[in-house]
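So the sequence lines, in the order shown, correspond to chains A and B. Quick note: the first sequence uses this note's numbering, first residue 1, plus one each step. Quick note: the second sequence uses this note's numbering, first residue 1, plus one each step.
Hints are computed from structural coordinates only; laboratory data are not their basis. All figures in this text were calculated on a predicted structure; none of them were measured in a lab. Some clues are possibly wrong.
[Claimed, not checked] Covered by chain B, according to a simulated footprint, are these stretches of chain A (three or more residues, beta-carbon under 8 angstroms):
1. 43-50
2. 232-238
3. 271-281
[As the list claims (entries may be wrong)] Simulated crosslink set (DSSO-like; lysine-lysine; CA at most 27 angstroms straight-line):
4. 313(A) / 325(A)
5. 193(A) / 250(A)
6. 193(A) / 250(B)
7. 336(A) / 193(A)
8. 313(B) / 112(B)
9. 102(B) / 226(A)
10. 325(A) / 336(A)
11. 313(B) / 167(B)
12. 114(B) / 126(B)
13. 226(B) / 193(A)
14. 226(A) / 126(B)
15. 112(B) / 102(B)
16. 102(A) / 193(A)
17. 112(B) / 162(B)
18. 102(A) / 157(A)
19. 118(B) / 167(B)
20. 114(B) / 157(A)
21. 157(B) / 193(B)
22. 126(B) / 325(B)
23. 102(A) / 167(A)
24. 325(B) / 226(A)
25. 193(A) / 118(B)
26. 226(B) / 250(A)
27. 250(B) / 313(B)
Just so it is clear, CB atoms sit at the ideal spot from N, CA and C, and this is done for glycine as well.
There are 2 protein chains.
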Amino acid sequence: MTSPRVSFGIDRRALLAGAAAIPVLLGLPIPRQAQAQADPLASWNDGATKQSILDFVAAVAREGSPDFVPAPRRVATFDNDGTLWCEQPMYVQLAFGLDRVKELAPMHPEWKDKQPFKAALDGDMKTIVESGERGTLELVLAAHAGMTSDEFETIVKDWLAKARHPKFNRPYTDLVYQPMLELLAYMRANGFKTFIVSGGGIEFMRPWSEQVYGVPPEQVVGSSIKTRFEMRDGRPTLFRLPEVNFIDDKTGKPIGINEHIGRRPIAAFGNSDGDLEMLQRTTLSGGVRLGLIVHHTDAEREYAYDRQSHFGKLDIALDAAALNKWTVVDMKKDWKRVFAFE
Amino acid sequence: MTSPRVSFGIDRRALLAGAAAIPVLLGLPIPRQAQAQADPLASWNDGATKQSILDFVAAVAREGSPDFVPAPRRVATFDNDGTLWCEQPMYVQLAFGLDRVKELAPMHPEWKDKQPFKAALDGDMKTIVESGERGTLELVLAAHAGMTSDEFETIVKDWLAKARHPKFNRPYTDLVYQPMLELLAYMRANGFKTFIVSGGGIEFMRPWSEQVYGVPPEQVVGSSIKTRFEMRDGRPTLFRLPEVNFIDDKTGKPIGINEHIGRRPIAAFGNSDGDLEMLQRTTLSGGVRLGLIVHHTDAEREYAYDRQSHFGKLDIALDAAALNKWTVVDMKKDWKRVFAFE
């Protein structure tokens, strides 16, 4: 958690940023160490993919560039599942939901004979998948409603602290892509405001997005359920209701972006058909824009999947990428490293 | 519009902020001019009200204070109508709606005989008010839907450029409260992130909030109608539908804050019963918090109204202010100046 301490108008980070530039201001020689700056995208192999990112940032963030965009309009939106962290063998939030249904099962004896809950308790993924959107929604609402927003935050944090990925046997928050962490930081260093725009639950991501991605809660956009304001023992709480409020996927992404951000992004990053409309809205309205798709091609270091995948299906968005000249990351070829722990 | 130009990691504003502090770092004598800093709340008269603001900021933003709050959690939320700008003799957005209904009337001959449109065309405020929430909503939807989000932004900007306040004969954006502008800037200088949280339309405020208040679109929370994503001539647009999405008023305010910001504010500013739950949620959960109510007591320089007012009614929130020790601004007594043009 970053916690710059500010008092009486002097911001330490601003101070340091300013101090670092003093030699330039005063015409002093710049230390060699500072000249030979580390590659901000060190985990990206050199090539057309990496170059397209560098070129875009130079075009919009370098003063005097004909395509210069003022900093407040440098909005970049990132999908989460499959773009910033691993979404296989199932969405992390689904793993959370299944664990939570198991935990709540003693209070719901009827679930033993009721689908899709029975399947969840049996770990029967096939039946869950076959229960479709409606079945999945029932599971999600059972797992995510019925408590205050503060209580839910604690539940998410506690689960993430102990849950482990079945293949890598590590906390899910270790399974974020190192090249994308570098990309987030690189964009921010160039005056971009970085947002997460995910089909996942907004309240599922916020408890850890700042620590893991450097993206504060107010820059997270996601799906949500409705809440009700109520006083409990003199304390104002928000109680989470088993009712969908907003689905931040497909056409929902540009709608959610408009609602939360109120500006059109100039760069958007995704990996599946759920990101199609966000990339269209970002790139098809004139100006130099960056659309980028992470293509999972690395069965060895992570997973390889696209057109036929159940989670993170990349089919029409892959065709659209070719049509619209979006950058397609070939994970196997373009990423020197996938995870930080490698 | 602020447009700091950032390139290659060097932010000019940060540079200037840092440069100003260099004498302190180097132990150099500080120029007298810099020592005798201007009062950041120059338009506030000295007294208990102003002191409560200064004390709060010192308590949460001064490092080493027992009540210190790290900068990322320094969230402050401001109501708009009646808190940041004038809401009499009617909400600015209602004036916009009435003008727009007049403009659209030639395409809707049926409005001549249909309430509340007839009343809007006749300028019959009594009938509009009597048409209640349902009638007002009909007017709002007629005025705010049926175009793309980009088109609506242009409509709002064009209207604000030519509309004049009936009493002051000035653009509505001149009728923002100078003391509140100073307060917004003072909070930001002390590491606060300032948000607008208004019952007004989110898309009605965003086109000018940055220029007028220094609050960027992504930090504006408000009421909204639904939008539909659609491709028009190969360009992705958001079309505004005549259907309510969210009402950001009363209990809607803490809900909207949770949805957009995802953090509980530590300071909240309002002026009416519509702000009650936002102030409760902000102040009644432990820790040093600031709740502030602007009480309109100045019939000469602005307006005097509270418990019986049709717009901006301040009744139960005024009682709650006494109960919860919220700061109540007596506009006549506490503000040296109301508007910048005085």
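Hint by hint, work out which the structure violates, then give me just those numbers in ascending order. Of the numbered hints, 1, 6, 8, 9, 14, 16, 20, 22, 24, 25 do not hold.
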